Amino acid sequence: MTRRAFLSREAVLLYVLLAMFAGFSVFVEGFLDWFSLFERMRYWAIPGLIAVPMTFIIATAGIDLSVASIVAMSGILLGLLYRDAHFPIAAASIAAVAVGLCAGAFNGGVSSFLGIPPLVVTLATMALFRGVAMGLSKGQPISDFPEGFLWLSQGDALRVPVGNAGLVTIPVPLFALAAAVAVGWVLMRRSWVGRFTECVGENPIAAEFAAIDVRRLKFALYAASGLVCGVAALFNTALYATAKADTAAGMELEVIACVVVGGTRISGGQGSVVGSLLGLFIIGILRYGLEMAGVKSQYVIIVVGGLLIATTVFNEWMARRRGVKG
Amino acid sequence: MKHALLPIAVGLVVLMGTSCGKTPEAKPADQTRDARREARTAGRDAAKTAGETKQGPLTIGVMPKLIGIDFFNATEKGAKLAGQELGVEVVFDGPVTNDVQLQAQMLETWIARKYDGIAIAPNDPDAIAPVLEKARKRGIKVISWDADSKPSSRDFFVNQCTSRSVAKTLMDVMAEGVGLNAKYLILTGSLTAANQNIWMAEMEKYRQEKYPGMTNLSETPKASEEDQALATQVTTDCLKTYADLQGMFAITSVALPGAAEGLRKAGAAARVFLTGLSTPKTMREYVHDGTVKRFVLWNPVDLGYLAVYAAVATAKGELQPGAASFTAGHVGACRVEGDMIILGDPIIFDKSNIDNFDF
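From first to last, the protein sequence lines are chains A and B.
Read in order, the letters of the first sequence are residues 2 to 327 in the numbering used here.
Read in order, the letters of the second sequence are residues -12 to 346 in the numbering used here.
If you're looking for bench data, these hints aren't it; they were derived computationally from the structure.
Careful, some of the hints might be misleading.
Restraint-style ranges between C-beta atoms, simulated for each label pair [said to hold, decoys possible]:
{"hint": "1", "chain 1": "B", "residue 1": "Lys124", "chain 2": "A", "residue 2": "Gly167", "range": "16 to 22 Å"}
{"hint": "2", "chain 1": "A", "residue 1": "Ser192", "chain 2": "B", "residue 2": "Glu213", "range": "46 to 52 Å"}
{"hint": "3", "chain 1": "A", "residue 1": "Val314", "chain 2": "B", "residue 2": "Asp332", "range": "55 to 61 Å"}
{"hint": "4", "chain 1": "A", "residue 1": "Gly156", "chain 2": "B", "residue 2": "Asn184", "range": "33 to 39 Å"}
{"hint": "5", "chain 1": "A", "residue 1": "Ala91", "chain 2": "B", "residue 2": "Gly43", "range": "46 to 52 Å"}
{"hint": "6", "chain 1": "B", "residue 1": "Lys192", "chain 2": "A", "residue 2": "Pro147", "range": "35 to 41 Å"}
Capping the alpha-carbon separation at 25 Å, the derived lysine-lysine pairs in PhoX-like fashion look like this [unchecked claim]:
{"hint": "7", "chain 1": "B", "residue 1": "Lys268", "chain 2": "B", "residue 2": "Lys64"}
{"hint": "8", "chain 1": "B", "residue 1": "Lys137", "chain 2": "B", "residue 2": "Lys124"}
{"hint": "9", "chain 1": "B", "residue 1": "Lys67", "chain 2": "A", "residue 2": "Lys297"}
{"hint": "10", "chain 1": "B", "residue 1": "Lys124", "chain 2": "B", "residue 2": "Lys101"}
{"hint": "11", "chain 1": "B", "residue 1": "Lys137", "chain 2": "A", "residue 2": "Lys139"}
{"hint": "12", "chain 1": "B", "residue 1": "Lys121", "chain 2": "B", "residue 2": "Lys101"}
{"hint": "13", "chain 1": "B", "residue 1": "Lys101", "chain 2": "B", "residue 2": "Lys268"}
{"hint": "14", "chain 1": "A", "residue 1": "Lys297", "chain 2": "B", "residue 2": "Lys280"}
{"hint": "15", "chain 1": "B", "residue 1": "Lys101", "chain 2": "A", "residue 2": "Lys297"}
{"hint": "16", "chain 1": "B", "residue 1": "Lys252", "chain 2": "B", "residue 2": "Lys268"}
{"hint": "17", "chain 1": "A", "residue 1": "Lys297", "chain 2": "B", "residue 2": "Lys64"}
{"hint": "18", "chain 1": "B", "residue 1": "Lys124", "chain 2": "B", "residue 2": "Lys303"}
{"hint": "19", "chain 1": "B", "residue 1": "Lys280", "chain 2": "B", "residue 2": "Lys252"}
{"hint": "20", "chain 1": "B", "residue 1": "Lys67", "chain 2": "B", "residue 2": "Lys303"}
{"hint": "21", "chain 1": "B", "residue 1": "Lys155", "chain 2": "B", "residue 2": "Lys268"}
Quick caveat, the model's predicted, so the values are computed rather than measured.
Quick reminder that beta carbons are idealized off the backbone N, C-alpha and C, glycines included.
Isolated chain B, as found in the complex:
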């Protein structure tokens, strides 16, 4: 046992020795680095004008809420594509859990690496603000996307679509699917989920304006806590409890496939029209077997693409607050409202188009 450990220790010592031996060589590198730092500081102090004395392509750091899930993998594709088109380097990285503190620490590194722009989907709008404000003070342009941060901590917010348009699209799909007198239920994530609560409020407002004949069978939405199995169970229960149920909204990307599973098991797809928000990848089988006919989402690839276009344009000083619209490559002209850039209207997915989307 002891002998087995010896080589490791020796290896460590050797490693230490070699690294130490290289220290003297650090000097010339240090000097050039110092010179560069001085130049940088001087530049920063003298003029904070956009597009400073910067050689080489811009570097844009793009940070999702977390890495390794379908939705953000899709946004990465768009971000990288935009980077290629614009000839900038795009670094796409984020924490492995949706932890705002890990995001903040990674951003410290990005500030130290002197990125030209940062585009972030923050896990918490307030907790991320101090570090973003620090970045802005250092002359880095900041874009928030997917979710907003405190307005004072970023230059622009790239919003997938307004809550109004999400609500409107969902209600219109329901009206087409069931009719003007639909009796429906809403399945949400957790009862405190901010995005979902805003959408539900907008849906109710739109219902009163446009579809007064429709009825929401339960004022309090059903909660599925971002748990697919729970969504299935809640759906099964609702099918039994509400005999006159005609339609159902499942408005998180996890709740919709869960609800679809419940509907399929109960064989109730003909009686209850299910729609909501989710990714085509997870919904493909339910659309093809007819359990879900139509559902809604924005395009995450385009969202990542637009975020990078906005970050680059802001870093170059081409996009200033007050612009009425912003044109981003193949996405085209996007509406700008104050300091919010809107990707556009949500997409409706059905049998005819679902196979065209790879996210």
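Isolated chain A, as found in the complex:
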């Protein structure tokens, strides 16, 4: 039992992360600077938040390609309501999150109740939501948000002693990320939601026979994904102090990469929220470490791509071995 815990996929990912961290700390000068590391982690909270619902969706053998477009659309709406309709920033934020929820519910509704594969639906809405964002904003960025709102992403809270670096302040968005992962972990491992989700991914027909309402579950997951994207849009807008229609370009792939590196199988049936978080940190640390080492951005992409291949091969191998062992 304990032996299994030490060799679980999450544990292996943790070893990889620690090994990378140790390696970069030794070989790359200036890497081990907690202040800068936390500054960089600020940026990871946004894809990290979205990775939580994405883990559930991929565990049902689905996918949501529209997440980045929802972030853009919600962000633009936030900006327009605040600047042009003179909403108070809190009301505009709530409206932006609500728009995210509606967009997610649309994805979920079309894919589960009309029976269209989520890949097709979200591929379409990826373009649709991005187009709405472009159209509403006419391609122009919106800025001049109030200071208090920017605190959401640019602020720091809680000074903590880290190692021998003295007191380090933690960026605010990391608290949101921690909360999302905690909720995700409870839902995945300690509630029926996770069990049903993995069951649907493993074998939807069997799940149906087990009296699981597959369509409602999937609908709820896509809606939740939209909701989280709406929240992520607030952090994204605050981080750059700007709402732009072409924001978060390509973030859907970044999120999916974290989830896949985290050991959630793209063919469904198995999901790990903690794994996705580790995936986020592994990719993030790798990028940061290579950049700190002065590697040019073209080559950084190559290494990150290589890591993706290596981990998927490794995950597949782990899954097979486990399958053989029964």
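Mind docking chain B on chain A? Use the hints.
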């Protein structure tokens, strides 16, 4: 299959093992690093004077809007040359797409690497501002070049040339090519492109002052959306629609070669005088076959060169706001207006000089 995967897993484990084994050795390095950090923090807090207690050459990070296109490759050449001349290390890197968010994340790393100066061509003036302000708070000098960022987020803006001089040069070229009563059209990028819109407004102003006899045949410019094939098509259409068309401006580096192609296909180079803004590399064949006689651009090599000179001078405290001019190596004296350094007037390219430029 399973056997094929085994070595990879073993390799991973071995790799992990070796890296872990080295952790204890980290200690001495850590200590020196801590000592250095303390010294640095102390220095930062005590006196934020320019040219601190810094040993070794300065490091200047130069970031284009994106890497891998002709224009910014040319600016890299200039930036590197300036680095050699000044004896500073120049790191030239940027995102592979024109994405301001990737720029911001790379800048975080540059701040962490404690570069002495950053020169950036931002993809968005507002979205890049928070991270640049962070850099300035940490004592890093910031220069924007090619495009500006929010004024509060940088020390100086290195501008290729004023919009006024771009507009003036374009209109003068048209006047020489067609005459004082030219009837012309303008082909732009997208209708919302900020730089182009300013230039067109300046062109209209200059036309009213200097060339009242000229006529713009279409108040709304023709859009080519930075798409060369579309520029060709729009040009072909315009040649048919506007029977009295005498001149055409194509004012993006993509629109001009596209328009030239349209003109060449239609065999209309004798009837319509085409000019605009683009790089000599892309325009060489059209200039040599006579489709385009003269066109305009600033020198991107000199732009990168000037950006690095300005960054170094600002980092050393030699260049302060309020200076009237700034001398940068072979580029010579450049005009300074407030916190804007101006490279100079645009260059006019024609058959006689186009082969001298390699960008």
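Going down the list of hints, with the structure as the test:
1. B:Lys124 with A:Gly167: 16 to 22 Å: holds (18 Å)
2. A:Ser192 with B:Glu213: 46 to 52 Å: Between Ser192 of chain A and Glu213 of chain B, where Cβ atoms are some 50 Å apart, the hint holds.
3. A:Val314 with B:Asp332: 55 to 61 Å: About 58 Å separates the Cβ atoms of Val314 of chain A and Asp332 of chain B, which means 55 to 61 Å holds.
4. A:Gly156 with B:Asn184: 33 to 39 Å: Given about 36 Å between the Cβ atoms, the range holds.
5. A:Ala91 with B:Gly43: 46 to 52 Å: holds (50 Å)
6. B:Lys192 with A:Pro147: 35 to 41 Å: Holds - the Cβ-Cβ distance for Lys192 of chain B and Pro147 of chain A, about 37 Å, lies within 35 to 41 Å.
7. B:Lys268 with B:Lys64: OK: Lys268 of chain B and Lys64 of chain B at ~15 Å, within 25 Å.
8. B:Lys137 with B:Lys124: holds (15 Å)
9. B:Lys67 with A:Lys297: holds (15 Å)
10. B:Lys124 with B:Lys101: holds (12 Å)
11. B:Lys137 with A:Lys139: holds (21 Å)
12. B:Lys121 with B:Lys101: Distance ~12 Å between Lys121 of chain B and Lys101 of chain B Cα, so the pair holds.
13. B:Lys101 with B:Lys268: violated (37 Å)
14. A:Lys297 with B:Lys280: Violated, at roughly 40 Å.
15. B:Lys101 with A:Lys297: holds (17 Å)
16. B:Lys252 with B:Lys268: This hinted pair holds, its Cα atoms lying about 20 Å apart.
17. A:Lys297 with B:Lys64: holds (16 Å)
18. B:Lys124 with B:Lys303: holds (17 Å)
19. B:Lys280 with B:Lys252: holds (16 Å)
20. B:Lys67 with B:Lys303: holds (18 Å)
21. B:Lys155 with B:Lys268: Cα-Cα ~23 Å, so holds.
Hint compliance for this structure: hints 13, 14 are broken, all remaining hints hold.
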